[in-house]
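Visitor: Taken in sequence, the protein lines are chains A and B.
With our numbering applied, the first sequence has no gaps in its numbers, which climb one by one up to 494 at the end.
With our numbering applied, the second sequence has no gaps in its numbers, which climb one by one up to 987 at the end.
Warning: the hint list may mix true and false statements.
In silico SDA-like cross-links for lysine to any residue, where the CA-CA straight-line distance does not exceed 25 angstroms [said to hold, decoys possible]:
#, chain 1, residue 1, chain 2, residue 2
1, A, Lys434, B, Ala653
2, A, Lys451, B, Leu519
3, A, Lys434, B, Ser671
4, A, Lys451, B, Asn608
5, B, Lys948, B, Gly603
6, A, Lys370, B, Asn608
7, A, Lys434, B, Leu675
8, A, Lys370, B, Ala657
9, A, Lys370, B, Val659
10, B, Lys702, A, Gln412
11, A, Lys434, B, Asn608
12, B, Lys702, A, Phe419
These are computed hints drawn from the structure, not numbers from a lab.
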Amino acid sequence: MIGLVDHFPILQVLIPLLGAPLCFLLRREAIVRPFAVAASFACLWISTNLLGQVLDGTVLVYEFGGWARPYGIEYRVDILNGFVLVVVSAMAAVVFSAGIGQARRAIPEGREYLFYAAALLCLTGLLGVTITGDVFNIFVFLEISSLSSYILIALGRSRRALMAAFSYLIMGTIGATFLLIGIGFMYQMTGTLNMVDMAERIQALGATRGVFVALAFVVVGISTKLAVFPLHHWLPNAYSFAPPLVSAFLASTATKVAYYLLIRFTFGLFGAALVFDEVGIDLLLMPLSIIAMFVGSIAAIYQTDFKRLLAYSSIAQIGYMTLGLSLATQAGVSAGLIHVFNHALMKGALFLVAACIAWRMGGTSLDVMKGLGRRMPVTMAALVVAGLALVGVPGTVGFVSKWALVSAALDQDALMLAFLILASSILALIYVWKVVEIVYFQEPETEIERKEPPLRLLVPTWILAGASIYFGIFSSFAVDVAKLAAEQVVMAGL
Amino acid sequence: MNPDTTILLWAMTLPVIGALGVVALGRWPNLRDGWTVAIGISTFTCVVQLIEPVMAGVRPSFSLPGTMPGTMPGLGLFFEVEPLGLLFGLVASGLWILTSLYGFGYMRGHGESNQTRFFTCFAVAIAAALGIAFAGDLVTLFLFYEILTFSTFPLVTHAGTEAAVRAGRIYLGILVSTSVLFLLLAILWTASISDTLRFTPGGILDGKIAGASAGLLLLLFIYGVGKAALMPFHRWLPAAMVAPTPVSALLHAVAVVKAGVFTVLKISIYVFGIDFLAADGLSDIMMMIAAVTILAASIRALSLDNLKARLAYSTISQLSYIVLGAALATSAAAMGAGLHILMHALGKITLFFVAGAVYVVAHKTEVSQLDGIGRRMPFTFGAFCIASFSIIGLPPMGGAWSKWYLVTGAFDAGQPWMVVVFMVSSLLSIGYLMPVVVRAFFRPVPEGEEDGMKEAPLLILLPICATALACIAIFFYADGVYRLLAPAMGLGG
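The whole structure should be built from the sequences, with the hints applied where relevant.
Guide: So this is what it looks like as structure tokens:
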């Protein structure tokens, strides 16, 4: 057993990686579904175990083939990526479980194994990006996750899903190329791909033109993946035309991993001194984040489709995360990380609600949601709970995020910034309440009977909605872990 | 666990259990309503049992470590019973029983739908009000403050009509915006300069902030508490009158608005501290805002024909008495403010009960329709008269005491103009309340309307008489309340 635990870092990636082709070979729905769910739960178990091992500040290093750095490839787990691994695998476990009930309607008959194969591959990519300690590995895994998510998005029923997948493909490829060019520059300057090694050498190089160029390419590349304003155009289409479950999975994992990368590259590889003091990325990132918070929320107010509304809301919420980063303080990074966890919970819950609605009504436009408050009371209660979390009402996870972020801003004596953060959450109230009013106060055009979605869909939805409240009250898990992670990465770099 | 703490826990969880029970018993209306009353009585009993230890100087408390928001060490949900909170808890839970009885009569007499949802939200709102009453720090208070807003939203929009939805939007929009934009910012600001957010006798801000910043923080706090209905953030209260009358009576004359002024008082006494407020004229702006609200709302009330709207503006005006009491920053004024929470609650709930009774019995909503109705409903309008006297501040009604201390406090503070404000406002309140009484008793019944006596149903009439009598009784027993509050106001046991 001891031997197995030692191999957890590689198993974290290997299980979904091997699971994906197996799904493809098994094909039979009845086997594929429980298999994929089991794989995702195995990942969750491993990631929580890994996080438990590193919480005391130790860094787990797993050397491939016994080759130590700088020669071999290594996986590195510290608090920061341990935390992200847990978020990603937990969301995968919940969404895959929901998939059992959902996939039938959202995905064309007989193609369900494709969904699971692609989803497991995507999970492989996301976990791989997060866990690896090798820069080129990051690019490879990022491509694995991107390519599989193009498939996932294209599985959407409407024809426009193809178009959305295509534009995501283009934008994603541009982003990945930028990242690759940046990595190329870094490799050329340092002659190593190992992150620890590279960090030492880059910081020794100091503020040279080559480093600046590499930084610019890397940051733009990651920002495209992260959908930082104004590189966000792929996101609304991708999220709204993909099958609802895919949106739930991607919204609560893919952008979170990109955010992790941004932290890792800025604080870890290039070093805060260079990124913030020399180049002053915060001077660019902060206004962009604030614009994202407002533009995303205002756009969300005017949407007529629930999933599209949620997608625009995500752009605003990503703004909160990057704003935390742009403060360039421990409190700011920790606030961003808290929001990674919290946003995954609430946005996951809301997209699962969208999946319930799609299951019941065949679509998620706000028109079909009229009067659902009486027809799907249990589902709609989850919508209200997760929606309130999005607004940041105390007692929900959203409040914990807001508190952390505004505190971080006030630590810098930025009273105006604090006010702007709070003001943007009023916009969230507007778009959430618009939906609530439609659901509870409007009557459907044709009478529909009262019927809830199957438990297999409803239970995961409520697990996430319930978690949005539980972790909103008992907030110490996310807050403490994020704080430790931020401490490690801001103080010690890698 | 300390027995007092156990009682405190019960007092706060019972309404929640009550809400769950109401949901479970929804199919059997009689059982459901009986359950509500039983829970109301048990809750009130629990709160009453806290009086003795609190008067003996004990402060029952408990904390939940590891809870929200978690970023400050040692910060988690924290509850502590102190005199002012206990008074608010007593008012909210005691009047809940009477309002429940009244509510059954009203909702059934009026044939309202969705009564289960109604009484569930009602119980949650009371739980939230008790959470506010017993909150031991600013974050805990803010949590329940927001729960109260959201739990009363379904009550305001109960009718589900377009007008109700629009009113709900104003209600939620103003209350949430002010609380998030100003109150939360103020709390976070306080957190960034002070090492604690707990309510501490003498305040936590003295020496940490001064000058214009302190003034700005105070403004953020008092405007952040939208529930105190200071102008220009008062519009939500008249809008909320679209709700069924039991809601207007308990929530929008007692629980919600009192939660607002209670929060203002708490912040003045335990966060800023009366001495700090008094120093350098820090509270001058607050005083001005309150004075303007008192007068402007009274004048507005004069011109309104709709009875509930008139009462709503009267409430806005009376709430600012309490804010002004806090702003005067003397012990006597603070005592007056504390007493006024109770006195105004008893008076105003009676007035709203009457407005609802008239609506159920005669379907009348406007003051101009009330000619001669006192002869049809003598008990109801007798109660209206008593409660009006209390609001105006005439002895032997409870309202006389609170006004006495407020005016004394204004003299102590050396603010003769504020004495004038109180006096003018009393005259104005005569002007908007007495015409109702005069019309009801001395105007002839309009032609074509039946004349004989037709009182409200018993379930409605009993609570009306009870609260009206309480207005008188409290005049003679105000001493007990004074002794309860004295330690909090720095007046000695």
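Visitor: Of all the hints numbered above, which does this structure not satisfy? Sort the numbers upward.
Guide: none
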